[in-house]
Amino acid sequence: MSRVSTTSGPVDQAVERLRTVCAGAVETLSASGAGVSVLVQGGQYSLLTGADAASERLEEMQFVLGEGPCVDATATGRPVLVSDLEHEAPGRWPLYAPAMREAGIRAIFAFPLQVGAARLGALDVFRVRPGPLSRAELIRAFQCTDEAVSILLALQSPATIPEPFPRDEAGADLVELFQAQGMVMVQLDGTLSEAMARIRAYAYAENQRLIDVVRDIVERRLRFAKDE
Amino acid sequence: MTNVSAERLSQIFVEVADTLVDDFDLVEFLHMLTVRTATLVGASAVGLLLADPQGKLRFMAASSEKARLLELIQVQASEGPCFDAYRTAEPVINADLSAAVTRWPDFTRQALKAGFRSVHAFPMRLRREVIGALNVFGSEVGGFDGADAQVVQALTDLAAIALLQERAVRRGELLTEQLQAALNSRIVIEQAKGAIAQRFDISVDGAFAVLRAYARRHHRKLTELAQEVVTDRQALARLMEA
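Line order of the protein sequences matches chains A and B. Residue numbering for the first sequence is -6 to 221, as defined by our numbering. Residue numbering for the second sequence is 3 to 244, as defined by our numbering.
Hints in this document: simulated from the structure, not taken from any laboratory. Computed from a predicted structure; not experimentally measured. Certain hints may be false.
Restricting the straight-line Cα-Cα distance to at most 25 angstroms, the calculated cross-link-like pairs of lysine to any residue (SDA-like) are [unchecked claim]:
| hint | chain 1 | residue 1 | chain 2 | residue 2 |
| --- | --- | --- | --- | --- |
| 1 | A | Lys219 | B | Lys68 |
| 2 | B | Lys58 | A | Gln180 |
| 3 | B | Lys115 | A | Arg213 |
| 4 | A | Lys219 | B | Met242 |
| 5 | B | Lys68 | A | Gln180 |
| 6 | B | Lys223 | A | Lys219 |
Whenever a hint applies, use it, and build me the whole structure from the sequences.
Encoded structure:
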């Protein structure tokens, strides 16, 4: 039921894994639904999936109406946590809020999927009862977003590269990782996502730890060229 | 005998008050706060860490962006005075690094190598929560008295207030949103530093200076500018123009 721009192996796999993440979110967050979408230019989506068909319909609503906490979260790069739609000012989402209420949804938690300036998409969690996410639930929610980011990043790389998400691998030297991303982005004259994929692909191909590759980049011992 | 001059201190508070009233950039503000704190107490360096949702301390701002200092600040995600201050909600004052190697083996080794002799850490408190910690490094042992410690604790708590200042906050959720946004802003800044360093063949802390100078000259918010620089080639090229 998920609409994707092309049907190819890696994309199907990513969609399947994202669906699993959404299902996991529904369970660990006691939610009624969860969806992931990837926004592209023109306010459309290139990828959309959810824990189930109902979740996908909920997720799609923000694209149909062009507004919603999910749209805001992606645009601003900050989560939008709405614990009770009834308490939101009526002007905030004049079309989306009533549509969600009609669908029985009272709480929406929208998390941008991003690494700094690389905005990859959003993970949205829907609940029929009002109330905030607890501290423990928030921690689990961010674990879900980490997984989803990992899956979306892997889509940029050749399909053979395993995860985990660099956040765990790099340990204490995250600052250097992000600097390296910026540097390689300019070296490739490409996007941040491409830079990230390239760095990880290199580490995998050379059987090196990401942390060592990153250090070589930042200390100018390693440089990437524009072509493959 | 306190290091803190009353005049300097009141200058800081005026600056902070001015900043918090207007639409301001959080990363720039926290950077300014660390710089001012360092000057105020005569410290070699000051760093600030914020906790992520998993409770892990992440680098947020520092009085200098030298790589060695940033590493030293970041290592405290697992060990060090900031780690202790964050977990216990109590400050760590006048820690003599030459005697700290059993307490914090990795951190002490790195700090001594960087030329520091003393370290202090203050929990960043917001109501009943601790959301991060502030580090003060000195090139000499001791030198921090009760008055200095109180002032720095107040400045640290001020940093916590700044996080909430962008909109009227009462609900805990807004704090989560703000913290995530803050942490992500720092990532954007680091990506921009890398891009600028590569593009103009300068060091990453030189890159930070270029970014800040341009932001000031053109009245731009630091994080917004960083975002633009990383997504738009021409914006990146323009940084070096007058």
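Checklist entry - Among the hints numbered above, which are violated by the structure, and what are their numbers in rising order? => result 1, 2, 6
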